[in-house]
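Novice: The lines below spell out each chain.
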Amino acid sequence: MQQLSLLGINHKTAPIELREKVYIPETRLSVTLAGIKKLPKINECLILSTCNRTEVYLTTTNQGQATEQLISFLVKLSGLGKNGLRGCFYKNEGLAVVDQIMRVAAGIDSMIVGEGQVLKQVKDAFQIAQKSKATGALLNTVFNRAISAGKRARAETDISRGAVSVSSTAVALARNIFEDLSHHQIMIIGAGKMSELAAKQLISCGIKSTLVSNRTFTKAQELAVQFAGTAVRFDDLEKHLAQVDIVISSTGAPHFLLKQEAVAKIMARRFGRPIFFIDIAVPRDIDPKVGELEDVFLYDIDDLGKLVEVNKRERAKEIPKVEKIIFEEKERLMKWYNSRLERGGLR
Amino acid sequence: MSFYAFVFLLVWVLLLIFLIVKYHFQLRVFGPGAVLLTLLLGVFVLTFPCAVSSADSNLPGIVLICHALFSFLSYGAFTLAFCSASLYVAHERLLKNKSLGLLQQHLPSLEALAELCFKFVSVGVPLLSLGILAGAIWSNLTYGYYLSFRPKELWSIFSWLFFGGYLALHQLAGWSKHKLVYLLIFGSLLVILFYMGVQLL
Numbered sequence: 003m004q005q006l007s008l009l010g011i012n013h014k015t016a017p018i019e020l021r022e023k024v025y026i027p028e029t030r031l032s033v034t035l036a037g038i039k040k041l042p043k044i045n046e047c048l049i050l051s052t053c054n055r056t057e058v059y060l061t062t063t064n065q066g067q068a069t070e071q072l073i074s075f076l077v078k079l080s081g082l083g084k085n086g087l088r089g090c091f092y093k094n095e096g097l098a099v100v101d102q103i104m105r106v107a108a109g110i111d112s113m114i115v116g117e118g119q120v121l122k123q124v125k126d127a128f129q130i131a132q133k134s135k136a137t138g139a140l141l142n143t144v145f146n147r148a149i150s151a152g153k154r155a156r157a158e159t160d161i162s163r164g165a166v167s168v169s170s171t172a173v174a175l176a177r178n179i180f181e182d183l184s185h186h187q188i189m190i191i192g193a194g195k196m197s198e199l200a201a202k203q204l205i206s207c208g209i210k211s212t213l214v215s216n217r218t219f220t221k222a223q224e225l226a227v228q229f230a231g232t233a234v235r236f237d238d239l240e241k242h243l244a245q246v247d248i249v250i251s252s253t254g255a256p257h258f259l260l261k262q263e264a265v266a267k268i269m270a271r272r273f274g275r276p277i278f279f280i281d282i283a284v285p286r287d288i289d290p291k292v293g294e295l296e297d298v299f300l301y302d303i304d305d306l307g308k309l310v311e312v313n314k315r316e317r318a319k320e321i322p323k324v325e326k327i328i329f330e331e332k333e334r335l336m337k338w339y340n341s342r343l344e345r346g347g348l349r
Numbered sequence: 003m004s005f006y007a008f009v010f011l012l013v014w015v016l017l018l019i020f021l022i023v024k025y026h027f028q029l030r031v032f033g034p035g036a037v038l039l040t041l042l043l044g045v046f047v048l049t050f051p052c053a054v055s056s057a058d059s060n061l062p063g064i065v066l067i068c069h070a071l072f073s074f075l076s077y078g079a080f081t082l083a084f085c086s087a088s089l090y091v092a093h094e095r096l097l098k099n100k101s102l103g104l105l106q107q108h109l110p111s112l113e114a115l116a117e118l119c120f121k122f123v124s125v126g127v128p129l130l131s132l133g134i135l136a137g138a139i140w141s142n143l144t145y146g147y148y149l150s151f152r153p154k155e156l157w158s159i160f161s162w163l164f165f166g167g168y169l170a171l172h173q174l175a176g177w178s179k180h181k182l183v184y185l186l187i188f189g190s191l192l193v194i195l196f197y198m199g200v201q202l203l
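As given, the protein sequences belong to chains A and B, one line each in that order. Start counting the first sequence at 3; every next residue gets the next number (this note's numbering). Start counting the second sequence at 3; every next residue gets the next number (this note's numbering).
No wet-lab data here; the hints were simulated from the structure. Yeah, the Cβ is synthetic: ideal placement off N, Cα and C, and Gly gets one too. One thing to keep in mind: the hints can contain errors.
[Unchecked claim] Below, computed lysine-lysine pairings styled on DSSO-like, alpha-carbon distance capped at 30 Å:
(1) A:Lys319 - B:Lys98
(2) B:Lys98 - A:Lys210
(3) B:Lys121 - A:Lys210
(4) B:Lys100 - A:Lys210
(5) A:Lys261 - B:Lys181
(6) A:Lys93 - A:Lys153
(7) A:Lys332 - A:Lys122
[Claimed, not checked] Chain A side only, calculated, beta carbon under 8 Å to chain B, not exhaustive:
(8) Glu181
(9) Asp297
(10) Phe299
(11) Tyr301
Construct the entire structure; sequences and hints are all you get.
Specialist: This is how it looks when you write it as structure tokens:
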């Protein structure tokens, strides 16, 4: 009789250096699926390969043999010696396989709990496997139920609510102040990885336009090209601050760039429009007293980090609710499975 | 109309407007707030004696109904403007104190809340104008004068001046949303206190 079986490697069992060796890019998936399906005793097959995991889902009549073959297949693929991946694999069978794929799809097996990317990856992996005719009735039903569990987890619980990265927290905060980001301008002061990330995310949310300022003007111009924005001179900073609504600052300046008095003057010229400062620089660019001014919202890197922690904890609290959904979906799957067995299917 | 009947009607008007707003703006957080407010008002009013004023049977009915209808819809709109303003203050405090949990994700943005205040007041002021006008016409038909400067009439006029003034400041003076919201809260509290005074003293 066909049995569900799983062999996998993920962020809990192996570091990135090993995971990347067995990573299978989307373009290679159907070839690899065909290779695995050719192995004896393997009936259906599906590969889920992301940056955090590579998992092979199977239906087989001989679990032991199938797993052995698969391990040597993956070891060969990795190019590492026989012992290179020792202890990295985990195996599951029967209902535990269903449990695992549902946890993955719902996002509670992820490094960042509740992340949204993984559900799409599961859907894509399923689609490719179906197209390659690698799956059959059992895996199809299991994955349909898993995707449904993933959707329900996100719709019915708060598992994917709340920003859990510094840049997405900055965007979430901006959205707490401004209703429609496409009506607002952003200014980036200084260059840095973190501010670039935050700026990119805000721009992808449809911010109206971008100004870039840097102590060296040519550097500002380079960044402006990257963000499709406008470079402005560092000396004109205060003039432009009267126009923009969101400021991301991350210069290497050893002292405060913006003091309370300067910002108070700027605020008087803004006619009560609120302004949101995101200070990612260490040491800080903006005097914390600036945040005491009316209609000024100031967040530094620690504030953002704390919010990320809070949101992560909030998400973790939702896990039991997600597990209940998974339980329900498993029950539905079992009903289907048992009725198929009675009718003599799944052989 | 007795105080009892007034608040009781207000509860129903609030629930009605709340339902419209909920489906129009898709605000999750408004639900519990509005229900709690109406519940509190309901319980509060039950502590008062249920005195039904003897309505004069030969009153020009349609004018009176218009007066009551428009007035009540406007009170409902002003109450919701007050709720939006309170949410603005709460949300702003959370943002300033950086004490944001999951709650903040359910709150509308500051900009949206300020806009909501303005929209509710802009609906409320014309309705109140119509209500006062109908009231004056009714008074003239019944007693032969438009205005008798009774406390309740003064209260209506004070409310009209205040909310009208808010609209004017919003459109013309370039005040910040923060200041306008605090003005709205302060003024609304005055209106409520004034009304309680009119009714109970």
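Novice: Under the constraints set out in the numbered hints, which ones does this structure not fulfil?
Specialist: No numbers; nothing is violated.
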